[in-house]
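Guided by the hints, dock chain B onto chain A, whose structure is given.
As you go down the protein sequences, you meet chains A and B in turn.
Just so you know, we're using this note's numbering here: the first sequence kicks off at 1 and counts up by one.
Just so you know, we're using this note's numbering here: the second sequence kicks off at 1 and counts up by one.
If you are wondering where the hints come from, they were derived from the structure by calculation, not from laboratory data.
Where a beta carbon is used, it is the ideal one built from N, C-alpha and C, also for glycine.
Just to be clear, a hint being listed does not mean it is correct.
Here are the computed distance ranges between Cβ atoms for each label pair [what the hints assert, rightly or not]:
{"no.": "1", "chain 1": "A", "residue 1": "Ala-174", "chain 2": "B", "residue 2": "Val-325", "range": "51 to 61 Å"}
{"no.": "2", "chain 1": "B", "residue 1": "Ile-487", "chain 2": "A", "residue 2": "Ala-179", "range": "55 to 65 Å"}
{"no.": "3", "chain 1": "A", "residue 1": "His-73", "chain 2": "B", "residue 2": "Phe-132", "range": "41 to 51 Å"}
{"no.": "4", "chain 1": "B", "residue 1": "Pro-155", "chain 2": "A", "residue 2": "Val-122", "range": "31 to 41 Å"}
{"no.": "5", "chain 1": "B", "residue 1": "Asn-228", "chain 2": "A", "residue 2": "Leu-128", "range": "13 to 23 Å"}
{"no.": "6", "chain 1": "A", "residue 1": "Phe-58", "chain 2": "B", "residue 2": "Leu-364", "range": "31 to 41 Å"}
{"no.": "7", "chain 1": "A", "residue 1": "Ala-174", "chain 2": "B", "residue 2": "Leu-489", "range": "40 to 50 Å"}
{"no.": "8", "chain 1": "A", "residue 1": "His-73", "chain 2": "B", "residue 2": "Gly-60", "range": "51 to 61 Å"}
{"no.": "9", "chain 1": "A", "residue 1": "Leu-209", "chain 2": "B", "residue 2": "Gly-459", "range": "51 to 61 Å"}
{"no.": "10", "chain 1": "B", "residue 1": "Thr-23", "chain 2": "A", "residue 2": "Val-122", "range": "38 to 48 Å"}
Residues per chain are reported as follows:
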Amino acid sequence: MTASGDVMVTGHGTVPTAAHETGTPLHEERGVNTALLGMLLFIASEVMFFGGLFAVYFNVRAANRVWPPEGFHVEALPIPLIATIILVVSSFTMQRAVWRIRANDRTGMNRALLVTLLLGIVFLAIQLYDYTTLGFGLSSGVYGSLFYTMTGFHGAHVFGGVIGILVVMLRGMAGQFSAGHHVAVEAVSIYWHFVDVVWIALFTTLYLLR
Amino acid sequence: MATTALTPRAIPYPRSRVYEWLTTTDHKKIGVLYITSSFIFFLLAGILALFIRSELALPGSQIFDPTSGLYNQVFTMHGTTMIFLFVMPMLTGFGNYIVPLQIGAADMAFPRINALSFWMIPLSGILLFSGFFLGGAAAAGWTSYAPLSAREVGPGQDLWIVGLILNGTSSILGGINFIATIFKLRAPGMTLMRMPLFVWNVLVTSLLLLFAVPVLTSALIMLFIDRNYGGGFFNPAAGGNAILWQHVFWFFGHPEVYIMILPAFGIISEVLPVFSRKPLFGYRAFVMATVAIGALGFGVWAHHMFTTGSVYLPFFAFTTFLISVPTGVKMFNWIATMWRGRLQFTTAMLFAVGFLATFLIGGLDGAFAAAAPVDFHLQDTYWVVSHLHYVLFGGSAFGVFAATYYWFPKIFGVRLDEGFGKIHFTLHFLGTQLAFFPMHLLGLDGMPRRIQDYSPAAGWQDMNVLSTIGAFMIAISILPFLWNVFISLRKPRDAGDDPWDAFTLEWATTSPPPPHNFDALPPIRSERPLFDLKYGELMGGHAGQHATPAEAAGYPTEADREAQSDPQGRADLPTNPTVADVEAGTTARSEAGGSGVIVVRPADSEAPGQPAAPATEAAPETPAAPETPATPETGEPKLVPPVTHAPGEGEVTSAADASRPSAEVTERVRRQARQKGTPPSDARPEEPR
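Bound conformation, chain A alone (with noise of 0.2 Å):
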């Protein structure tokens, strides 16, 4: 008999020890993952931050009797319809190569990162263009100052999501991820719906309901 301590005996036989003692993991992961739930919730504050700036939006919007104001002119036909559509379909390559890792798939899922972050690309190309042919700017009255800040922070935001697509993409060329071990893939990807998400609805905002 051992005389290591009569806490250790407890109604279901051990008690857990420090990782580092026995190498093995004090908490098995259970239920969603804790990576992936840091992301839920940075996504959680990343929904209020936006929250803020369509708050505001609305407000300013409610307050003002001719919206957009005098002067300023958006067309959701054809530029910014097609970028919806481009970053709708990344949504789905980006799902793809979650699906093609779950199955073990590194090449297919290298393919479908790479689609994903090339219509990623061309979504900010296609944004700054459609910038330029717009006639205002950030100064120019409350309205432009709302349509640059919401949709450049949306912009910036796809950004990090390419980075992020970017550096998944290298760590599966090196061979990093497998079935069992892709967490960062469902980070990255739950990231960039929830980017695409924002679209959907800054263009719904923005472009349809004027």
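Positioned in the frame of chain A, the structure of chain B alone reads:
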């Protein structure tokens, strides 16, 4: 005897201690960094407060040249620093240190993000304060109302914006880290309703941070665009709306109030039960009240804007009164916890009781301002200044000092001196009342906040002098505290693991804890696992208030398996226990433990005198029968209740124990428990009802 060959631990290579601290990802070191840096900012902001009070003591200009605008910078930086660089990071620091310990985790969920969160804080502080050297700090008040803040010239306001965005990012990341830690890293057995109340309050605070701070970030970005890129958000001439800033700011700003007070509520809820020798009265109600405060906190922001004429007064007045209900529930929880307890007035306890008194005043004068008609008279007077200092200084800061005296021995292994502590508390408490109570009267008399000067004919001088004296008393009270810390850190670190005979898991490890926190954890059957470990047998069943009969008998239940995450632990279980097993276990227990039949009931509801018999019988001098049932060799189901068998005799172990490092720490806790657990019947840990 099977032993496990452990991989030899890596030999630590020599690194300087400075490098060690700058690069640490250990939640305890990060916690200490948070606490230390916040305290430095507390001293800085306190010095600014002394300037303000010296200026206001008498009519006329004492310190500040009225044309320089420096006074505006000083009160802006005082408020901003106290809120964003003292209270929030200080409470985060205690959360960082204590939460992983209280839930039995080895660290936070994301240790490197934790370090990132911390290092943003001093950087944001440097940005905020650098304004003083770059042509003037921010001067639009900590609320920075537009359009004033949009027009304020100079880099100070922009540095303020950038600093707060950085600070807010740190808070968001910290909140994410706490939520992930609390949801993912709790020890087996610690269900949500067994979490210590400090953990509960940090959890709700983190949710508030997660949902409120990003809104501030968006407001700050819009203000930055207005100031620097010709934006029109808050500029009516461009089609914007100046009142909009107040809406967005206070949508963050009111949850922020609860972000600053909820962790202090948690601290008080740890300190009061330990020094009343009772469990917290109404654990469930307290948890519900905490959650309710968190939820309602998002529906009251416009009570800061009653006089703007752009909010619906009845709704926001109603929600504001509503949110005082859960706060009142907590007040009753605390008072009922102390009721008929065996009170020990340590300095930590004094600060906790002082918190109750001061926060009650702050809560009541807040309720006055919640009534819209009254608020029209009180808006922007010193009444508001009084209210916010009563709840923030009398509330949060008292909580911080209670936490400091309570957890200092855990963090540094030595208790703070009680004599100096009591001097500190006395000066601190009296100074607080003297500094802030006269402000009520000044506010009723119409003295506006944020003024630098007033007419001698206004009749405000007497109260202002009193208030200034109080402010200096508070400042002087910090001196014995600093001296106390200084001399205590030079003493031998002999506080022991559990100097307060406390209830929660952070006291079940060494002081200070090892880098991995725990070698072993006691079974968790209530929100007071360490109390159960030490006194469970005296209480007629080691299980706490919320234990099921099966748990009381020492068997895992569904809830255990929910929380159980140690695969070996489950493998060790021969079979799932049946009801019959449980009954057998009960029998075995009553024979072996000699502590009578298990009666499961709330630990604080037993009849007087009932625990007395087990108390004497279970004393270590009379070790109970050694024929504790099963051994691992027999492969029998282990009918061994967790902590009931007598120490030293009939050691029972399981096969898994041999492969585990011996739990010196926990044994030490046990030994301590044995020494203390030999009470004459009048020294029972809890007062009978």
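Do the hints match the structure? See the list:
no. : hint                              : result
1   : A:Ala-174 / B:Val-325: 51 to 61 Å : holds, 57 Å
2   : B:Ile-487 / A:Ala-179: 55 to 65 Å : holds, 60 Å
3   : A:His-73 / B:Phe-132: 41 to 51 Å  : holds, 46 Å
4   : B:Pro-155 / A:Val-122: 31 to 41 Å : holds, 39 Å
5   : B:Asn-228 / A:Leu-128: 13 to 23 Å : holds, 21 Å
6   : A:Phe-58 / B:Leu-364: 31 to 41 Å  : holds, 37 Å
7   : A:Ala-174 / B:Leu-489: 40 to 50 Å : holds, 49 Å
8   : A:His-73 / B:Gly-60: 51 to 61 Å   : holds, 59 Å
9   : A:Leu-209 / B:Gly-459: 51 to 61 Å : holds, 57 Å
10  : B:Thr-23 / A:Val-122: 38 to 48 Å  : holds, 41 Å
The structure shown violates none of the earlier numbered hints.
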